[in-house]
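Visitor: Sequence:
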Amino acid sequence: MYRTKNLIKTVAITSVVAAIPSVISYASEKQDMQLNCVAGTNGKSVKISIESVNSIVNSFQLSLKIEGNVKFSKIDFSSDIKNSATTNVKYNKINNTIDIFVTSDSNLVKNSIINIGEIFVEGSVGNKYTIVDNVVGGKNSITLVTDIFEEISDDNLDEVGIKEITIGEGEIKPENPNPPTGGGSTGGGSTNPTPEKPQVQLTTLRGENRYETAVKISRDGWQKSDTVIIVNGDNKKLVDGLAATPLASIKNAPILLSNNNELPKQTVDEIKRLNPSKVIAIGGESAMPNKVINNIKSINSNIVVQRIGGQTRYETSLNIAKEIDKTNNITKIYVGAGYGEADSLSISPVAGKEKAPIILTEQDGLDQKTYEYIKSQNVADGYIIGGKQKVSDKAINQIDAITSKDISNNRISGDSRQDTNAKVLEKFYGNTQLEGVVLAKDYDLVDALSVGPLAAKKDMPVVLATKDISKSQEEILVKKKSTKIYEIGGGIESSAINKLKNLLNK
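Read in order, the letters of the sequence shown are residues -27 to -1, 1 to 479 in mature numbering (1 follows the signal peptide of the UniProt record, and there is no 0).
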């Protein structure tokens, strides 16, 4: 067993933890780490930690293998990781292996131990299994990244703690307050333990600012991307990016942010990591200045930069729709108000999943160019997002006249942005079991914009809330269940997070 060290660049560190290539080692010293396994209740779970860690560690990748006739169910990360880190877990069903990736801005080591959390398995009573480090083809079973960007690896962890676990071992049978009558026998009976309640796993994607938060989102969803979408992250310029999510979904691209003057360093570094061949900048010159375009070009001369914009927000959304139409025939549209950003962001994951454009309209109807274009596409269906103060009945009638289906009753709206958000959840996420839920602020909307493509990719709704989950949202979410919540950005009150956890935890 060898513990290896080498100094690597900051950009490469991200690729170690997020992209997870094999690590090349240049120097080594003998210093072993240990994998500690402690059986949980009824042998259905194992508490995992890494011991003998003698460095400050901000990120790590760990590869484990489950040996035995059981399957991986889920992992409940430790509170240290839940509260400060971004996590990702990949399970290979064929090999019964688990790859765990954790990145944090804080030290994950306490008293020379990284407390990872509890792994839950599925299997029958009496099944025996062992969890060991996964060593295949010389790959390191664990790779750590320190606070000074030093890489530490171990190709074979010492195993301490319990060696083999049996499902049902140590099972605590509840007392039966109403013992069965008849037969006079106290033996031969059986009791079924209460099924364990699944735990909701919280993943926080948060940076020091909105630009870094967009980068965290990108790193969670994309190891590499041939295309990157750039929108202006300034609150007053966000509107041009409202319609970008469906295009990003078609291109399998993350959305990253510029400011009014340039590309922030965080965005530049992420573009370098993703190594795209094309960058699409959203917005006309007022929203996406030429200086930003030149910044993009200076990153790599091989990058093709395409601007999609217009003289107005409406023309920009139209031109994005035309770009979508180049590869995906437009049969459905989602229509949002040009001044109703929150409503359009609620629908963006739906539009992204369906690869249907978001068309921005004025209160009383589409502008002439947009109207003529939609009419020419023979669009079958559409939904209007927002109340009458944002999109009038006159506008709906105008759009209804050029769609083949009757959409006169296809308005999705509520009394507030959270109420409209609840209506979107009710209409477009009908299944009780959700893949997960994305939680973003309902007033500072830039994080909700950035996360649209990731939510679409993971088929997760975006719940808009800052201080609390509204009554209308609660009425819908109480009917749903999920084991995953993605908290996007800072500023969301713990009351909102905890209520969402409680609503989904069934």
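The hints are simulated quantities; they were obtained by calculation from the structure and are not laboratory data.
The model shown is predicted, which means the values in this text are computed figures rather than measured ones.
Treat the hints loosely; a few may be bogus.
When the alpha-carbon atoms are kept at most 30 Å apart in a straight line, the in silico BS3-like pairs for lysine-lysine are as follows [to be verified]:
1) 361 <-> 245
2) 305 <-> 47
3) 305 <-> 378
4) 431 <-> 367
5) 224 <-> 440
6) 295 <-> 361
7) 444 <-> 479
8) 396 <-> 430
9) 101 <-> 66
10) 224 <-> 270
11) 270 <-> 361
12) 454 <-> 444
13) 264 <-> 299
14) 457 <-> 396
15) 348 <-> 452
16) 328 <-> 224
17) 453 <-> 440
18) 430 <-> 454
19) 431 <-> 210
20) 457 <-> 101
21) 44 <-> 224
22) 44 <-> 479
23) 454 <-> 431
24) 44 <-> 400
25) 63 <-> 454
26) 47 <-> 209
27) 400 <-> 440
28) 452 <-> 63
29) 101 <-> 210
30) 47 <-> 452
31) 472 <-> 457
32) 209 <-> 295
33) 63 <-> 83
Visitor: Would you mind marking each hint as holding or not holding in the structure?
Guide: Quick rundown of the hints versus the structure:
1. 361 <-> 245: Violated: residue 361 and residue 245 sit about 44 Å apart, past 30 Å.
2. 305 <-> 47: violated, 37 Å
3. 305 <-> 378: holds, 10 Å
4. 431 <-> 367: It is violated: about 36 Å lies between the C-alpha atoms, which goes past 30 Å.
5. 224 <-> 440: Violated - the C-alpha atoms of residue 440 and residue 224 are around 34 Å apart, more than 30 Å.
6. 295 <-> 361: holds, 27 Å
7. 444 <-> 479: holds, 19 Å
8. 396 <-> 430: The hint holds at about 21 Å.
9. 101 <-> 66: At roughly 18 Å apart (the allowed maximum being 30 Å), residue 66 and residue 101 satisfy the hint.
10. 224 <-> 270: Distance of about 20 Å is within 30 Å: holds.
11. 270 <-> 361: Roughly 43 Å between the alpha carbons, so the hint for residue 270 and residue 361 is violated.
12. 454 <-> 444: holds, 17 Å
13. 264 <-> 299: holds, 28 Å
14. 457 <-> 396: holds, 21 Å
15. 348 <-> 452: Distance of about 39 Å is beyond 30 Å: violated.
16. 328 <-> 224: Given that 30 Å is the threshold and the Cα spacing comes to 10 Å, the pair holds.
17. 453 <-> 440: Status holds; Cα separation ~21 Å.
18. 430 <-> 454: Between residue 430 and residue 454 the Cα gap is close to 19 Å, so the pair holds against 30 Å.
19. 431 <-> 210: Holds. Residue 431 to residue 210 sits at ~27 Å (cutoff 30 Å).
20. 457 <-> 101: With a Cα-Cα distance of about 28 Å, the restraint between residue 457 and residue 101 holds, given a limit of 30 Å.
21. 44 <-> 224: violated, 34 Å
22. 44 <-> 479: Measuring from Cα to Cα gives roughly 21 Å; hence the hint holds.
23. 454 <-> 431: holds, 16 Å
24. 44 <-> 400: violated, 34 Å
25. 63 <-> 454: Measuring from Cα to Cα gives roughly 21 Å; hence the hint holds.
26. 47 <-> 209: violated, 41 Å
27. 400 <-> 440: At roughly 24 Å apart (the allowed maximum being 30 Å), residue 440 and residue 400 satisfy the hint.
28. 452 <-> 63: At roughly 28 Å apart (the allowed maximum being 30 Å), residue 63 and residue 452 satisfy the hint.
29. 101 <-> 210: violated, 58 Å
30. 47 <-> 452: holds, 22 Å
31. 472 <-> 457: Answer holds: residue 472 to residue 457 is near 14 Å, not above 30 Å.
32. 209 <-> 295: Measuring from Cα to Cα gives roughly 25 Å; hence the hint holds.
33. 63 <-> 83: holds, 25 Å
Checked against the numbered hints listed earlier, the structure breaks hints 1, 2, 4, 5, 11, 15, 21, 24, 26 and 29; every other hint is satisfied.
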